[in-house]
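S.K.: One letter stands for each residue in the lines below.
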Amino acid sequence: MERRNGGTVGRYTTGARINHWITAGSLVLMALSGLALFHPSLFFLTHLFGGGQSTRIIHPWIGVVLFFGFAGLFIRFWAYNLWNRDDTQWMKQSGDVINAREEKLPEIGRYNAGQKLVFWAMTLLIAVLFLSGIVLWDTYFHAYFTIGQKRLAAVVHAFAAVITILVWIVHVYAAIWVKGTVRAMTRGSVTGGWAWRHHRKWLREVVQKR
Amino acid sequence: MASLAPTFGRGAMTNHWNDIKNADVILVMGGNPAEAHPCGFKWVTEAKAHNKAKLIVVDPRFTRSAAVSDLYAPLRPGTDIAFLLGVMRHILTNDKIHTEYVKAFTNATFIVREGFKFENGLFTGYDETKRDYARGEWEYEIGEDGFAKVDPTLANPRCVLNLLKAHVERYTPETVEKICGTPKDKFLKICEHVASTGNGERSMTSLYALGWTQHSHGAQNIRCMAMLQLLLGNMGVPGGGVNALRGHANVQGITDLGLLTTALPGYLALPSQAEATYADHMKTRRFKPLRPGQTSFWQNYEKFFVSFQKAMFGQAATKENDWAYDYLPKWDTPYDVLKIVDTMYEGKLNGCIAQGLNVLMASAHKGKALQGLAKLKWLVVIDPLETETARFWENHGEFNEIDSAKVQTEVIQLPACTVAEEEGTFTNSGRNIQWHWKAANGAGESRSDLEIMAGIHTRLRALYAKEGGAFPDPIVNLSWNYARPEAPSADEVLRELNGYVLEDVKDPQDPNKVLMRAGTLVPGFGALRADGTTTSGCWIYTGCYTEAGNMTMRRSTDDPTGLGVYQNWGFVWPANRRILYNRASADASGKPWSTRKKYIAWNGSRWTGPDVPDYGPTVKPEASVGPFIMNPEGVSRLFTRGLMRDGPFPEHYEPFESPVANSLHEKVASNPVARVFKEDWKEFGKADKFPYVATTYRLTEHFHYWTKTHLINAILQPELFAELPEALAKEKGIGPGDWVRISSARGAIKCKAVVTKRLPTLTIHGKPTHVVGIPIHYGFVGTARKGHATNTLTPFVGDANVNTPEYKAFLVNVEKTTAPAGAPSV
Amino acid sequence: MATLQSLDIKRRSATTEPPPHVRGNAIEVAKLIDVSKCIGCKACQAACLEWNDLREEVGYNTGVYDNPADLSPATWTLMRFTEFDNKGNLEWLIRKDGCMHCEDPGCLKACPAPGAIVQYQNGIVDFVSENCIGCGYCVKGCPFNIPRISQADNKAYKCTLCSDRVAVGQAPACAKACPTQAIYFGSKDDMIAHAEERIVDLKERGYANAGLYDPKGVGGTHVMYVLHHADQPELYAGLPNEPRISRLVELWKGGTKPLALAGIGLAAVVGFFHYIVKGPNEVTEEDDERADQINR
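Residue numbers (my numbering), protein chains in the order written: chain R, 1 to 210; chain V, 1 to 826; chain E, 1 to 296.
Wrong hints could be hidden among the right ones.
[As the list claims (entries may be wrong)] Derived contacts from chain E toward chain V, CB cut-off under 7 Å, selection only:
id	residue
1	23
2	41
3	49
4	59
5	63
[Claimed, not checked] Calculated pairs, DSS-like style, for lysine-lysine (alpha carbon to alpha carbon, straight line, at most 25 Å):
id	chain 1	residue 1	chain 2	residue 2
6	E	278	V	186
7	V	288	V	149
8	E	176	V	438
9	E	87	V	767
10	E	87	V	189
11	E	176	V	178
12	V	757	E	87
13	E	87	V	730
14	E	278	R	92
15	E	87	V	186
16	V	186	V	757
17	E	203	V	54
18	E	203	R	179
19	V	620	V	591
20	R	104	E	203
21	V	678	V	130
22	V	189	E	203
23	V	184	E	87
24	V	52	E	216
Hints were generated in silico from the structure; no laboratory data involved. From the three backbone atoms N, C-alpha and C, an ideal C-beta is built for every residue, glycine too.
Required output: the full structure, derived from the provided sequences and hints.
M.R.: Written out as structure tokens, the structure reads:
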């Protein structure tokens, strides 16, 4: 007998998925090209981009794509990521989160507090990376900033990039750990069971609206 | 040069570059060696590093030389004489002169005629209509023995030294400050340093260049220093001397070879119209000694003159035809650059050959030169580079305004190769003749100057031979014995300058003994003869190319005494002497003045030292022969008799354009005998319209109008500018890099402003006076930014003795403006 | 000068491999620029352009003697002129600006491209153009504001101390051309000894604060200055007083790099072990059923 999976629930439109993967792809390329210039032992990564000069040229342009890609995601999703009391409660029970004791957690809407934190962290970090990146983009903005400002920008850019990668790891790991998540971004829908387990309040809202 | 010869006997740098390192005090005034002679300036650095020398710079501008000086003082352009007479007064009144030297080796003790006077700014004998002096009274009392009278006790008030003391008495430190604007404390500090060398222990060298020459009283500027150095006993000693730094590698050479239109090579005189016959010419050249036993070397004049004529005209010069004396042109008036431009401007010149001279840029008053060139029928320009002169007919907007269609002048350009593309010699400031080898072939169709001139000559000669003419003799009989007549080699020419023996010269004691064989090179000018048996194209160069070889090729760095005397490097005229008048480095008894400054001394049987003695090598000290062997007096001249047109003593005259009256004598403001052409009187500006003092100069990044065609030099100093004192810029609202318009009575230029603390606002006659500085170098041809000719502004008046234009002191106005049409801006 | 030749590399940018150091006896070289002897003639600039075959565009006069106006990819050395009114006595301080060849080079520290910047055993810091990626990090790393990035080829350029000439026993072109011997070149020890003599002379001439500029903050430099006012190096067109690699650059290029990589690695490892320990967070049958109940 076929196991029932609670049906499917639409989670992301096609536009949103394309937008996400453009952003995700550019973020990965940014990380690879950025890390290549960040640490000598990763300089070999420049070969992925056709060498040092082209890595240096491509990196900021991908950054522009990332920035606008993320801006699209932001416009789509910012409203779902507003903080509420349940999020605070969720955060307080982070032990239960890590141990997957979701039954103990409050019912979650479209996004849980962790996802919201990833969202806001990315918003902040990408803005910072973009702005500090502009300061460092000598090809076009060489004359507009002092060396002191550029030095500060370099440090800020490096720190922000590392944190971004850490946040990205959390984001990706969460998607891997929580089975059934990835299809939301590949197929656009999730199973009802997944929604019931992880975003029950959202499921109820979706059902109610029908 | 026109002041050194009347003072010492020869018109050249008395010491030499390497010798600067022996100085204890280096006075840079009237020059800016760090800027204009950076390579020679290394010897100043050496003196400072190894001799603890003090470098003093006196200049209207705080120059690159001043940047490394120990002491700097400003002065107003054109007031050097007041400053230096002030220094002379200081050392005379404070008894800082080297008395023993002055008594023994100068004409201090000579008694001057009663008729000689100085009153109200004029010396005896002034004729206002001729603007000239009758100089007959500027002379010594001559005794019955035919010799000049002297008073070794100096008791006679008519002694030169006493007259000099009276003359300089007016130049107190306060007067100097009032005229020059030099603060009294700085002036006195400089006096102390200068005075510290008035003994045999220490020496001062004077380094000057065109900052002194280019004035209406240029020769007298230099003359002041010559006198000062004599009073201090700094002539003929290591680290002393009056040292003219030459602005080109070979200016000394061209001067030696007859630069002035009244001179022949070797400082022989070209006869004037007044000297119709050979006898007339020789009459004034006897140079009998004015004191007993003196050398008066110019007594040999005829030997040099005849040898010169033989070199020029060979067999055509015979005793019978007075050595072809008639072949020589006789001058009516000197033809200096101002006179030539004026003659063009008057429409009295048909053709002009401009060889290595960019006359449109380099002459004073560019507007006049431009009009003059347009009146020529033809103009030949011989130059390695494109010059503005060759392009004078091109309209370049406000950079060169001319109606090209109206210019009828035919311009012929003959491309010359550069100096590195030919072999030959340079004669440097220190009179060292040095061979240079060819490094590369010339570009395109270029030829050496020698080849170009030979080409012109051989063609003219053929024409004269064929067609005759009024008097073809000097041309068809010109000696032209070169292997390739159309292209003589520099080697052949140098041999010719040195001179040949024409007939065997036999020992008068032993007629069987041949002293010099016919056809050999003359070993030295002592062997030249007045009987037509020797030749010499330039007697002072004789010895530079002997049977032992080409001496100018020698490159030995041996300096046995460490005094910088490289006796086997090149050949120094005269007779390979490195320091002129070096006999004066020892006292009357032949003992060195000090061990520090030991140079040439009497060892009991002869004069010895690292250098060739400028003296009879075995003449005993007791013979009382003076060390200034060229002068009939045997001594040097503090009082130049009638040898300078504008006075036997220098006197402060204002530049022809001055912001103030002459406070010493209002009626005689500027040099009373400087030549001014009639048209030019009205082109002098007055302080009401042109209130600022201006001066012009070279920059180290450029060489005249040449290097603006070269990319690297253009990179290093790309664009014409003027330097303005901060106070003036503030008054006019001018900021660094703004465009300014600078105008004089003769024209206006536009350039960038460099606002600087290095140009002073001086207090002159109690009033603040701004000094504006404008480099030359720019024009409408080349790689650097197009610029106005600085000489658009400069006045058309020259020095009273040699007519060098007064580029260094004139009046301008300054206004803020906008970029000239067609000039891109930052 | 043969002993100054070693081109063994002491430091190499963005490299984790240790440098060779068996031949450890190379003599350190230095160029000594005696500002008190410099006449600002720019012969050094001309020689630099000639030897290195550089040609700047013809610029403009901007109201000062400094030409070109600044260092550039084609201007590796530049005279900087400063007028200083020292209590009524004017001084014209002329400093030849260019790479200082720091013992601890900030450019090399900042450079992310392996081998784009090297330091030889003799102390010369050299840019190896073919390895340069044009990122401009050297500009940010330099405490003296020296490197310039070319718009033409996106490579960084600066004075090489004529490493090519030094390698064959010649002094740098600028030192060779200097007419007043304001630029000396030799072993660093000799240069310090010579500077000491010069300082004695300057003190005798009234410059009480004359001294050598060999800033310790960057480990000393292989281009040193004799200054009349060593107590105020800023007078000389802003020569930094006590320069050092910026703390920001040290933070960026120092501990941050390994710590950041470790942090990233750690995050991945923690995730991995979390998965191993806790297993996947899977939807249960119950979840499906409950969902089915409402989602129909």
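S.K.: Hints first: check each against the structure and report whether it holds.
M.R.: Tested hints:
1. 23: violated (36 Å)
2. 41: Given a least distance of 4 Å, the restraint on residue 41 of chain E holds.
3. 49: Status holds, d = 5 Å.
4. 59: Since chain V brings a Cβ to about 5 Å from residue 59 of chain E, closer than 7 Å, the hint holds.
5. 63: Where the cut-off is 7 Å and the nearest Cβ of chain V is about 3 Å from residue 63 of chain E, the hint holds.
6. E/278 <-> V/186: Violated: residue 278 of chain E and residue 186 of chain V sit about 92 Å apart, past 25 Å.
7. V/288 <-> V/149: holds (15 Å)
8. E/176 <-> V/438: holds (23 Å)
9. E/87 <-> V/767: Holds. Residue 87 of chain E to residue 767 of chain V sits at ~23 Å (cutoff 25 Å).
10. E/87 <-> V/189: holds (17 Å)
11. E/176 <-> V/178: violated (46 Å)
12. V/757 <-> E/87: Measuring from Cα to Cα gives roughly 13 Å; hence the hint holds.
13. E/87 <-> V/730: holds (21 Å)
14. E/278 <-> R/92: Since the Cα atoms of residue 278 of chain E and residue 92 of chain R sit roughly 20 Å apart, the hinted pair holds (cutoff 25 Å).
15. E/87 <-> V/186: holds (14 Å)
16. V/186 <-> V/757: holds (18 Å)
17. E/203 <-> V/54: holds (14 Å)
18. E/203 <-> R/179: violated (81 Å)
19. V/620 <-> V/591: With a Cα-Cα distance of about 12 Å, the restraint between residue 620 of chain V and residue 591 of chain V holds, given a limit of 25 Å.
20. R/104 <-> E/203: Answer violated: residue 104 of chain R to residue 203 of chain E is near 83 Å, above 25 Å.
21. V/678 <-> V/130: holds (12 Å)
22. V/189 <-> E/203: Since the Cα atoms of residue 189 of chain V and residue 203 of chain E sit roughly 20 Å apart, the hinted pair holds (cutoff 25 Å).
23. V/184 <-> E/87: holds (17 Å)
24. V/52 <-> E/216: Roughly 32 Å separates the two Cα atoms, so the pair is violated.
Hint check: violations occur at hints 1, 6, 11, 18, 20 and 24; the rest are consistent with the structure.
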